[in-house]
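Colleague: Letter by letter, the chains look like this.
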Amino acid sequence: MSELQFFAEVLTGGLLSGLLYALVALGFVLIYKASGVFNFAQGAMVFFAALTYVGCLEKLPRWTGLAADSVLLVWLALLLALAAMLLLALAIERLVLRPLVNQPPQTLFMATIGLAYFIEGLAQGVWGANVRGLELGIQDVPMDWVLDHTGMIVSRFDLFAAGVAATLVTGLALFFRHSRVGRALRAVADDHQAALSVGIPLATIWRIVWAIAGFVALVSGLIWGARNGVQFALTYTALKALPVLILGGFESVPGAIVGGLIVGASEKLAEVYIGPWVGGGVESWFPYMLALLFLLIRPEGLFGEKHMDRV
Amino acid sequence: MLYREAGQFKSSYADDQRIFPLRQDRHAFWALLAAAYVGVPLLANDYWLQAILTPVLIFSLAALGLNILTGYAGQLSLGSAAFMAVGAFAAYNFMLRLPWMPFPLAFVLGGVTAALAGLLFGLPSFRIKGYYLAVATLAAQFFIIWVLTKFPWFSNYSSSGVITAQVLSLAGYKFLTPVSKYLLVLICVSLFALAAKNMTRCAIGRAWMAVRDMDVAASVVGIRLMPVKLLAFAVSSFYCGLAGVLYAYCYIGTVEPEAFSLDLSFRILFMVIVGGMGSILGSFLGAAFIVLLPIGLDHILSALPGAWLPAGFGSNLQLMLFGGLIIFFLIVEPQGLARLWQIAKEKLRLWPFPH
Chain A
1 MSELQFFAEV LTGGLLSGLL YALVALGFVL IYKASGVFNF AQGAMVFFAA
51 LTYVGCLEKL PRWTGLAADS VLLVWLALLL ALAAMLLLAL AIERLVLRPL
101 VNQPPQTLFM ATIGLAYFIE GLAQGVWGAN VRGLELGIQD VPMDWVLDHT
151 GMIVSRFDLF AAGVAATLVT GLALFFRHSR VGRALRAVAD DHQAALSVGI
201 PLATIWRIVW AIAGFVALVS GLIWGARNGV QFALTYTALK ALPVLILGGF
251 ESVPGAIVGG LIVGASEKLA EVYIGPWVGG GVESWFPYML ALLFLLIRPE
301 GLFGEKHMDR V
Chain B
1 MLYREAGQFK SSYADDQRIF PLRQDRHAFW ALLAAAYVGV PLLANDYWLQ
51 AILTPVLIFS LAALGLNILT GYAGQLSLGS AAFMAVGAFA AYNFMLRLPW
101 MPFPLAFVLG GVTAALAGLL FGLPSFRIKG YYLAVATLAA QFFIIWVLTK
151 FPWFSNYSSS GVITAQVLSL AGYKFLTPVS KYLLVLICVS LFALAAKNMT
201 RCAIGRAWMA VRDMDVAASV VGIRLMPVKL LAFAVSSFYC GLAGVLYAYC
251 YIGTVEPEAF SLDLSFRILF MVIVGGMGSI LGSFLGAAFI VLLPIGLDHI
301 LSALPGAWLP AGFGSNLQLM LFGGLIIFFL IVEPQGLARL WQIAKEKLRL
351 WPFPH
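Top to bottom, those sequences are chains A and B.
Going by the numbering used here, the first sequence opens with residue 1, and the numbers climb by one from there.
Going by the numbering used here, the second sequence opens with residue 1, and the numbers climb by one from there.
Watch out, some of these pointers could steer you wrong.
Covered stretches of chain B, going by a simulated chain A footprint (3 or more residues, C-beta under 8 Å) [stated by the list, open to error]:
1. 118-129
2. 134-144
3. 292-303
4. 319-325
5. 329-337
Far from chain B, by Cβ distances over 10 Å, these chain A residues were calculated [to be verified]:
6. Leu72
7. Pro254
8. Ile274
9. Lys306
What the hints contain is simulated information worked out from the structure, not anything from laboratory work.
Here a beta-carbon is modelled for each residue, glycine too, at the ideal position from N, C-alpha and C.
Construct the entire structure; sequences and hints are all you get.
Modeller: Structure representation (structure tokens):
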């Protein structure tokens, strides 16, 4: 295999996994846009969603008497997981956000760290802490067609996941641009008080946004869980998403995608080309350093809004 | 009746600038110090010294460090554990490679090394702030731990990466017993707590608070942001570094990168929140609360009948309670335990009258 081909293969792998990071980052962006909360618990929500789905799948045959391999079971589990995320979103809005209204953003951020601990404990307390596999029916095997034509190994699963991510992002972007709720949401993101004064129900918008973030968490949880197994390490996906956010800017949906692609590609390339020089394992910090250097040039990220400070 | 300023007049500048203006406060403080220095070593058993008092003091120091940065200077940091690791490893290497060096000097140099690392990772604070800065400090957390794990020079080519800390000895005396380690920690903590208190009361501290409250306004009134922010990073990292040294040498007894995980950074942040941002006393209260909470929960849960809870639920319940309490505190009293203490003192001042 030629050098260039190898480079292309690493790059493609990186870009595809970058879309997965973007998927998690999307959850952050949604909540940040609507409520100005930097939701650290997004990773815990991903974990909770995936664990609830797998847990339901395990328990449902016993509860309902359905055969363990019926299609109905999968949909039922999916529905239950979705309902759980919805409930969680409502509970968060009622019990955490509403009492903390008007607090400085740092306080809200720290509340979401507490929330992350709570959700992690809840998920493991209800479903147990053992690692579980998750089967989506798509094998993690190289695509024959691509292998034959270009000689590159591109995983079928990666491509599927990237497709899901792209669909979700496009769907959400359209939803925010053209629907009534989406317009209200953008108004809230612009200015809370102005939005309130023209009659936009803030609490409802928050509930909707957290519910959508829960849905995004479920999708990313399913994909990440199918890839790495449903385990506690899923919560760390949130940490992977942070450099993506920095690069793309906290307020921007396209930024999350572009940031995800940059992080995914550069991370894999760094691991392959810089890794051997320093003994490997650069993946854990490289995106952060990249994001940090990038911030020195453009402090608000690629697509973030420029802020003007007034005294 | 008892707690009242009546009859106490300030007749000199020194009187006016005391840390505890009230005589009753001073008496209580000296009594507390006497209890800590004399009473505890005489009365407490090894379990209390080793598992409770020493870690509370060490974490108080770390929380003080983060409180200076986050509570006073307003720069959110999620990398405190990494600076603790820098301090611990630096002290270990100073003592290993320069055997003539007395350990107090190595401890201080460990703190200074951490301060330098803090300066380096504080540089981005000039351009970025808020959440962006918080994420940038995460870079410090991951990068430093990676460097310490990846380059075996730092751990003296130990095969497991876990090193037993050297025995501390000064002028022939070896610090082996829990009492001696406790006293060593206590001395460090009381010295640096005093230093922190005074720093926050003088021009530097006021500059930090001005930057915290609004950095643009601070720069308009003539505070140079860059040096002030960097100083906050350096001082904070020094405190964290020293706490890391004490953590490694006087508490866990080993030097290992895994001990300084992101989780520890969060715990220190919680100490600051629960205790009270921008309060020296709060750092101590918060550290005590966060260290004692898991121990207390363990005791309560083990007292419950075993069949009542499914296996493994205890640790998860602990996580939930921990997270829940953080949220509860933020909702009920965003200014933390220190504020509750203040309210209690004000109530006491009026007691026994209603107004």
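Colleague: Would you mind marking each hint as holding or not holding in the structure?
Modeller: Now the hints, each set against the structure:
{"no.": "1", "hint": "118-129", "in the structure": "holds (count 3)"}
{"no.": "2", "hint": "134-144", "in the structure": "holds (count 7)"}
{"no.": "3", "hint": "292-303", "in the structure": "violated (count 0)"}
{"no.": "4", "hint": "319-325", "in the structure": "holds (count 7)"}
{"no.": "5", "hint": "329-337", "in the structure": "holds (count 3)"}
{"no.": "6", "hint": "Leu72", "in the structure": "holds (29 Å)"}
{"no.": "7", "hint": "Pro254", "in the structure": "holds (18 Å)"}
{"no.": "8", "hint": "Ile274", "in the structure": "holds (13 Å)"}
{"no.": "9", "hint": "Lys306", "in the structure": "holds (13 Å)"}
Of the hints listed earlier, the one the structure fails to meet is number 3.
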